[in-house]
Amino acid sequence: MQSLTNRSRNVVNKKMNFWERIYLVAIFKGMWTTLKHFLRVMFGKSHTVRYPEVKRPFAPVWRGWHVLKRDEKGAERCTACGLCAVACPAEAITMTAAERNKGEEHLYREEKYAAVYEINMLRCIFCGLCEEACPKEAIFLTDRIVPSDYARQGFVFGKDLLVEGVEPEKRIDVSVRQKHIQEKKWAAEPAH
Amino acid sequence: MSILLLFSAGFIVEKIILISVLFAITLGVAAYSTYGERKFAAFFQDRLGPDRAGPWGILQPLADGVKMFTKEDFRPNEAERWLYILAPGAFMFVACMTSAVIPWGTQLTVFGTPVDLQVADLNIGILYILGLSSLGVYGIMIGGWSSNNKFSLYGAIRASSQMISYELAMGLSVIAVVMMTGTLSLKEMAAQQAGFNWNVWYQPLGFLIFFICSLAECNRAPFDMAECETELIGGYHTEYSSMKLGFFLFAEYINMFISSAVTATVFFGGYNFPGLDPNWLGGFMGPIVLFAKVFFFIFVFMWIRWTIPRFRYDQLMHLGWKSLIPLAIFNMLLTGAGVLYFGK
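Chains as they are written, first to last, in the numbering used here: chain A, 1403 to 1594; chain B, 4 to 347.
Keep in mind the hints are simulated off the structure, nothing from the lab.
Bear in mind that the values here come from a model prediction, so they are computed numbers and not experimental data.
Be a bit skeptical, because a hint or two may be false.
To be verified - Result set (DSBU-like, lysine-lysine): computed pairs, CA atoms no more than 35 Å apart in a straight line:
1. A:Lys1471 to A:Lys1538
2. A:Lys1447 to A:Lys1457
3. A:Lys1416 to B:Lys325
4. B:Lys325 to A:Lys1417
5. A:Lys1438 to B:Lys70
6. A:Lys1447 to B:Lys70
7. A:Lys1561 to A:Lys1475
8. A:Lys1538 to A:Lys1586
9. B:Lys74 to A:Lys1457
10. A:Lys1457 to B:Lys70
11. A:Lys1514 to A:Lys1561
12. A:Lys1514 to A:Lys1471
13. A:Lys1514 to A:Lys1475
14. A:Lys1438 to B:Lys74
15. A:Lys1586 to A:Lys1561
16. A:Lys1431 to B:Lys74
17. A:Lys1538 to A:Lys1572
As the list claims (entries may be wrong) - From the derived model, a few chain A residues whose C-beta atoms are all more than 10 Å from chain B:
18. Gly1432
19. Phe1440
20. Val1443
21. His1449
22. Arg1452
Heads up, the beta-carbon is just placed ideally off N, CA and C, and yes, glycines get one too.
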């Protein structure tokens, strides 16, 4: 049979000679192999990343913990249209819409808003379709990792964990990911 | 010398201090062997190993100890109660006793009095060690049987048959050394190997057999049939938990330490090293050299464990009975002929 890779070898069931039969040579060879690994790690060449102290860089388009953005004046952009929930293949998003009252214009940008907005992080597959579906540029995926928890209830993230803060320092920057997505789209389109 | 003189107060105090220090060192080495094992295992596998408890993880044995003590002490309902409790203690006791006859150095001079660095200079030291290492199997056997679990019993039976098989070859390989040196006392054996006159140069085959057998005696990979996780869950200590399990594991590391010390003493010159007089540093040079050798052998034990896959049980028995014992007898004949011819 034709070989697919050049790495395959035919099995030979020849009788072992004396040195092969006592195995010691093979054992010393094996010990030399493991010793090389030992010395390599001993002198600091390990592939391990010491996680909490050292973090591996994310891809610029990393899709993690969602954020619900506010507009420049600090009002929530989400209008609870439900398109993200429809787009979601994992059915992780639920929401309850409510009407904006008088005097709440600084809180919500449009007349309708999400009173409850929940993403079940155990169901979410971080595909980013909610972000694509959103007509109001309200939901984005960020480069933050969803932290672990001991209880399942803790993974249903409400608005307290999703909506970004009003103050400038509490805003969450999504421009890096968006810029890369845009550039990729430009690159994919044929030149005009 | 009268009995009264021999058991003078000073003598007893000296021995008690020596025994306590030795005991502490043994436990310390065993504790740090667990750390060393995990760290070396990691290095051999391109990992880093425990590095969270203290710098480089050096407090890991402490954390492990606390963990062992605070775990639930579970006892199976059907277990033979007293034997079940006795077994880990017996195993640990025997493991700790073996170090008594090993000469750790020549003599220390403490406050002007010379102190022998050996707890008991038995004139049959090596027999004492062989005897105790066969006693060690009782801890395993009792523990495995009294747990009333078939996996434990399998592990215990494997351990005992393995020990019986390999003790033969071990004894035969030691006999060759005894024929050569003409003494059973470890102190004299060590003294005869002054400088670079080590027994291993005259007994390379004997050393190989002895080393393979001591791997088997310590239930270490590639001969760890007694606890063979993939076949027997945990082997003889399947039903043990908490510090009872800790005792079993700990005693195995003590055994490893002691058998490294015996290997170093019988074959690798004990406290002797060319160019390093064991009487230097007020007698501390001897123990330093010996411990360096012991740590090297502990490293080799671990090195082998993380290199060679486990033997199958029938292969183990084939190796023991059909290869090592005939080889050891052959080695003995060779040594006999050598002694006759050279008159050494």
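For each hint, the structure was consulted:
| no. | hint | verdict |
| --- | --- | --- |
| 1 | A:Lys1471 to A:Lys1538 | holds (10 Å) |
| 2 | A:Lys1447 to A:Lys1457 | holds (17 Å) |
| 3 | A:Lys1416 to B:Lys325 | holds (23 Å) |
| 4 | B:Lys325 to A:Lys1417 | holds (19 Å) |
| 5 | A:Lys1438 to B:Lys70 | holds (34 Å) |
| 6 | A:Lys1447 to B:Lys70 | holds (31 Å) |
| 7 | A:Lys1561 to A:Lys1475 | holds (18 Å) |
| 8 | A:Lys1538 to A:Lys1586 | holds (21 Å) |
| 9 | B:Lys74 to A:Lys1457 | holds (34 Å) |
| 10 | A:Lys1457 to B:Lys70 | holds (29 Å) |
| 11 | A:Lys1514 to A:Lys1561 | holds (16 Å) |
| 12 | A:Lys1514 to A:Lys1471 | holds (16 Å) |
| 13 | A:Lys1514 to A:Lys1475 | holds (17 Å) |
| 14 | A:Lys1438 to B:Lys74 | violated (38 Å) |
| 15 | A:Lys1586 to A:Lys1561 | holds (31 Å) |
| 16 | A:Lys1431 to B:Lys74 | violated (42 Å) |
| 17 | A:Lys1538 to A:Lys1572 | holds (20 Å) |
| 18 | Gly1432 | violated (5 Å) |
| 19 | Phe1440 | violated (5 Å) |
| 20 | Val1443 | violated (4 Å) |
| 21 | His1449 | violated (6 Å) |
| 22 | Arg1452 | violated (7 Å) |
Checked against the numbered hints listed earlier, the structure breaks hints 14, 16, 18, 19, 20, 21 and 22; every other hint is satisfied.
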